[in-house]
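> Chains as they are written, first to last, in the UniProt record's numbering: chain A, 1 to 722; chain B, 1 to 722.
Source of the hints: derived by calculation from the structure; they are not laboratory data.
Glycine included, C-beta positions come from ideal geometry on N, C-alpha and C.
One should not assume that every hint holds.
Pair by pair, the computed Cβ-Cβ distance ranges are [to be verified]:
| id | chain 1 | residue 1 | chain 2 | residue 2 | range |
| --- | --- | --- | --- | --- | --- |
| 1 | A | E233 | B | T106 | 31 to 39 Å |
| 2 | B | E306 | A | F182 | 52 to 60 Å |
| 3 | A | L423 | B | L93 | 46 to 54 Å |
Below are the chains, spelled out letter by letter.
2 protein chains.
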Amino acid sequence: MKRVKLIFLLVIIYSSFSSSAQTWVWFPGDYENWLGNQMNNRRTERGIDVPVQWKLDNHEPLMIFTKEVNLEKPEEIEVYAEGEYVIRAGWRLRVNGNKNRPTRITLPVGKNVIEIKVVNYATVPAIYVKGNTIKTDTSWMASPLENQRITVNMKHPDSPSGYYMNAGSGNLNDPNVKPSKFKLPTTPMGYVELKEMAGGKLYDFGKETFGFVKFHNLIGTGKIKLQYGETAEEALDSEHCETFRTYDVPKGKADYIVAHSNSLRYVFIVAENAQFDDVSLLYEYSPVEYRASFKCNDDELNKIWEVGRYTLQLTTREVFIDGIKRDRWAWSGDALQSYLMNYYMFFDKETTKRTMYTLRGNDPVICHLNNILDYSFYWFIGVYDYYLYTGDKHFLRQIYPKMESLMDFILERRNERGLVEGLKGDWVYIDWFDHDVDITGEVSFEQIVFCKSLETMATCADILGIDREAEKYEKLVNDVKSKLGDFWDEEKHAIVFNRKNGENSEQITKHANMFAVFYDYVSEKQKEQIKNAVILNPKIPAISTPYMRFYELEAMCSLGEQDYVLNEMKDYWGGMLKLGATSFWEKYNPEQTGLEHYTMYGRPYGKSLCHAWGASPVYLLGKYFVGVKPTKPGYEEFEIRPVLGGLEWFESRVPTPNGNIDVYAAKKEIRVTATEGEGYIIFNSTSLPKVNIGKIEKIGEHEFKVKIIGDGLEVKIEYETI
Amino acid sequence: MKRVKLIFLLVIIYSSFSSSAQTWVWFPGDYENWLGNQMNNRRTERGIDVPVQWKLDNHEPLMIFTKEVNLEKPEEIEVYAEGEYVIRAGWRLRVNGNKNRPTRITLPVGKNVIEIKVVNYATVPAIYVKGNTIKTDTSWMASPLENQRITVNMKHPDSPSGYYMNAGSGNLNDPNVKPSKFKLPTTPMGYVELKEMAGGKLYDFGKETFGFVKFHNLIGTGKIKLQYGETAEEALDSEHCETFRTYDVPKGKADYIVAHSNSLRYVFIVAENAQFDDVSLLYEYSPVEYRASFKCNDDELNKIWEVGRYTLQLTTREVFIDGIKRDRWAWSGDALQSYLMNYYMFFDKETTKRTMYTLRGNDPVICHLNNILDYSFYWFIGVYDYYLYTGDKHFLRQIYPKMESLMDFILERRNERGLVEGLKGDWVYIDWFDHDVDITGEVSFEQIVFCKSLETMATCADILGIDREAEKYEKLVNDVKSKLGDFWDEEKHAIVFNRKNGENSEQITKHANMFAVFYDYVSEKQKEQIKNAVILNPKIPAISTPYMRFYELEAMCSLGEQDYVLNEMKDYWGGMLKLGATSFWEKYNPEQTGLEHYTMYGRPYGKSLCHAWGASPVYLLGKYFVGVKPTKPGYEEFEIRPVLGGLEWFESRVPTPNGNIDVYAAKKEIRVTATEGEGYIIFNSTSLPKVNIGKIEKIGEHEFKVKIIGDGLEVKIEYETI
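Just chain A, same shape as in the assembly (with noise of 0.2 Å):
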């Protein structure tokens, strides 16, 4: 046994280290936060610019790489870089590097320092070294500072610096491609259908996709304008398509390729003076591995789930973004929800990493992530649930600086009680509400997850051995949670909105009941009592977005409640499939008809048609039906609770860092196979089950519990569902 462990954990160091391959290298975080708000820049609004609204923060500028190297015998490298770059090698060898080749030098032997000093203000500096044995991986140094000159944090004086760290990479393996001319690859994909009409041309390429609209033997001195729409009647609405651009006739007759990518399933094209043979589109995407799969014996089920699955696909690009169409950004809040979805469908650490590092940016902090308190929060979560479903310490310990200097911000702005509120600056975002909401003063939703970034920090710190910081965050843990008691109203069985001046509001709305029961911070008995006072409750205002009810129906499955929560994926997001939809919205409110439903924030096509955080039955089915979450760290512990919910049967994969967890469940067989780690499926029957390798535990009442290894072999569970 203890064997097979050891085996697991160099797989998990080995996987920590993945990108540890010869690569390029930069400031961890640096590229990541460049190439993401190079994504979010992008975005316009019916021909317009739309740059965040949010500060962007730069990179360092002036970067040092540095290996120390103990070479047998003097061993040439190729240097590439990106930006202006000096290569010191000791005292006596310093060369310039060449801006447009790789700079040749060979080095003694015997023990050398490698510097490479890169300046680049346009793009982040990198470099890639190319040798028989040395080669540019995370084990370079990095840092903006001379390694004698690198001062202490003296607000963390315990803590690793965030200014000398292992450099930064993200699979970008090409030595001939730098980092900034990184772009997602295209594919070809032709439309289904062509529509002749007054004054234009209206192509259907038959679902929710992105790309760049190609011409074939463009040809013509004049224009061409190109509407784009999500629907038939956004492409054709020159007055309110939300997305549109024109572009002059290049000169000569040639294939054509615009510009701009965009979302779009329809594209009407109005050409003035342009005449073209044809139009096709070049598909982008994110090359991610489609490691999930989920069937059941309900093929409305299927769709949703391959519908979430298309939706979570179109909106992993650059970084994971809220909407194709609109805003096209990273948002801390959707950002979030990707993550957790992708765990349960791509497992792409990559746009995982450079989606936290975008959100966050650079140093001071002097304002929220996106500008939201909450969003703030949501990011100290969402790195646990990285470490949690990746075991990637390594990176943990990179971003764990970011995650101090974005805590003092937040704890500098704690009232005299040591909780938070929404202060000058400060947008207490939440959800978008239908009705009038009080948000000022102590809202019970920041509370808890400022606690829960708390209990992040000091489950951190404490990760990476950093006590005395670890028992800091424990103690306000214990504080912010003593104090979470003051929300509960014990008439109305429910945590109300908000606090003033020491007095409870008789505002209630789900959202901090909701996250309460989740994150266990209400005990059982308020758990059942919020489920029927709150959450079940028609007189507490219902949620609009998906983007809670993804918390809603987790809170409810985490109370057992997946026939409730399977009703209401087919009611609501099979309600979107009848309406046609080829990916999930970003809101969809079942009581509207016709073009009504493309409407929001009153423009007739505000509406994003393909939203992330639409796509949440993805996860929620990994998670709560199929039941597969890690117990430990990077799956080296995991939990399997199959629950049917009603179906007869559903068969699915769940990745894991390096290998899956496939479950078979019907009313009277559960069969898992696992790859890697070590685990428990845990079920309830009627009868005394039986179990083909290893042996039954009873746990509780018809609750029974079975170890799993991740040797490969199938389970195999013959019970009798309740």
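Starting from the known structure of chain A, arrange chain B on it as the hints suggest.
The following block gives chain B in isolation, referenced to the frame of chain A:
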């Protein structure tokens, strides 16, 4: 009288906004820092690029410029910008900016809030708006955040935000020259002698200078190598010359200007497969105004003053740098002296502000300026000096947030006694010492400049009306001041060098002692004791850099020892002139001979022969002989204490923000004309003096005072010098 004062006040206000004309604007400090570091990073050493050895801070890549206007009729404006930009005015008017030509938009009648959002990573976001009534100036606001998202700095809640400020500007008034394209002007200059040598041609430009070498009718297929020298020996020494560069000959016969400007008096040109008709120089210079003058009966002193001016001229570039051959960097310690010399020479505000911004960079502060503990302190002192000489309160307000964040960094790093020590990463420099010095523990010199910096914070907070901050710093000043006494050695009549574990060390150097004298941190009795026991004591190690000789002579001047100082100047600076210096050196040791003079840092031509800190006589003469200094900010009030110090007579002009003070002094006559402010002429006389305007006031034995109004009328005093 009141009336006169009012006029001056208006002049001062106008002056502090003097760059408010229609001009390029940016986020204050960002462009200055960027530009200064473009200069810094042009340093080379024997053909190898040497970027700065400290942290480079980047600019805000997204900037929002706003201005509210109230129009009586519609107005068309032209918007120029550096970066991608979007213009918004109200909800309806939104326009993408053109990158290559100005964007024209027409604003409607009534109240308009113009918002121009610029994104630029490569260079600093900047705009220039040209309209009939609407024009960019420092009344525009600049912020990296939308107005409603600007948070309070919780550490300094009473202080103005450093992230919503009046736009910065710097006399860049041509819309067609983007700030990033700013270049110092050049003017053609010929050599004075050409020597054809084996292997190449040696050109002598007659004096230390700086510029781009130009080849006339260059043709060939090979290379030209330029070996620069401050001496002929250096230019001819291919093995050891400090700067050289090789260029490929471009195709076709043409005049060719090399891409890099360099310091030189001599250039040795080695042509390989290349011919040219002639060579000249494009002298590259800062177009500062020669506002001061000095002439006296001593020709050597006149020459010293002129060579000092030329030294300062050459080292005044985009920013004030140390020396033009090496390091070509802005160093805070060197810059402080350049600022002071500048007030008595060019009174160039822009270069001073640019240098301060360059040195300070952006938040977060993670290391000392130039990595040097003392250099952080000099920076505060320089800011106050700037305010004192210019009266530019607008700048003080703009830079104050950067003062706070640097001081926060310093305060966090104090020891348990509240004093500063060199911690990990800090370079405790003070001076180049020829003997071993233990710089650990509480170093007295550092406490003195720390105390002065705290005083500066208190004063500036007070000036800006930030009372709680002023109080806080005042308390800190008193605390540190009360501990300065610990360093006094009653037996040795000196401030000891440092304290460790509560015990004074035996080390004594002049540094802390002379600073304590002119900062008035010791009693009059102690000052006399220091003069004799330290400054004039041959057993105390002599100061070996003109850098610290600056302060040594300043201390002696402040003790009324002008005679001594005059002799030292003639001896030391006169000594360099006798060796043929055309600018003053980084270091000069009269004991050395021949080529020894050019050695430093273990390299035969390592010494810089044009170093700003070598020019201190221009400051000492202006402040302590001509005796002019402001006693209220911006020369609103000033003092003139002419001291002949052994001279027969002198005649000098000292610039003030918007005027001049002309002083002639001889043994029996003083004549002063001032054109702004009001002040006092203070002088000693053995007889009762006479004055043509105003009246004589006796203020001590043989000491008299005459009030002068800056009305341009000459005040003539007849007296008898002692």
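> None of the hints should be skipped; say for each whether it holds.
Results of checking the hints against the structure:
no. : hint                         : verdict
1   : E233/A to T106/B: 31 to 39 Å : holds (33 Å)
2   : E306/B to F182/A: 52 to 60 Å : holds (57 Å)
3   : L423/A to L93/B: 46 to 54 Å  : violated (32 Å)
When each numbered hint is compared with the structure, a violation occurs for hint 3 only.
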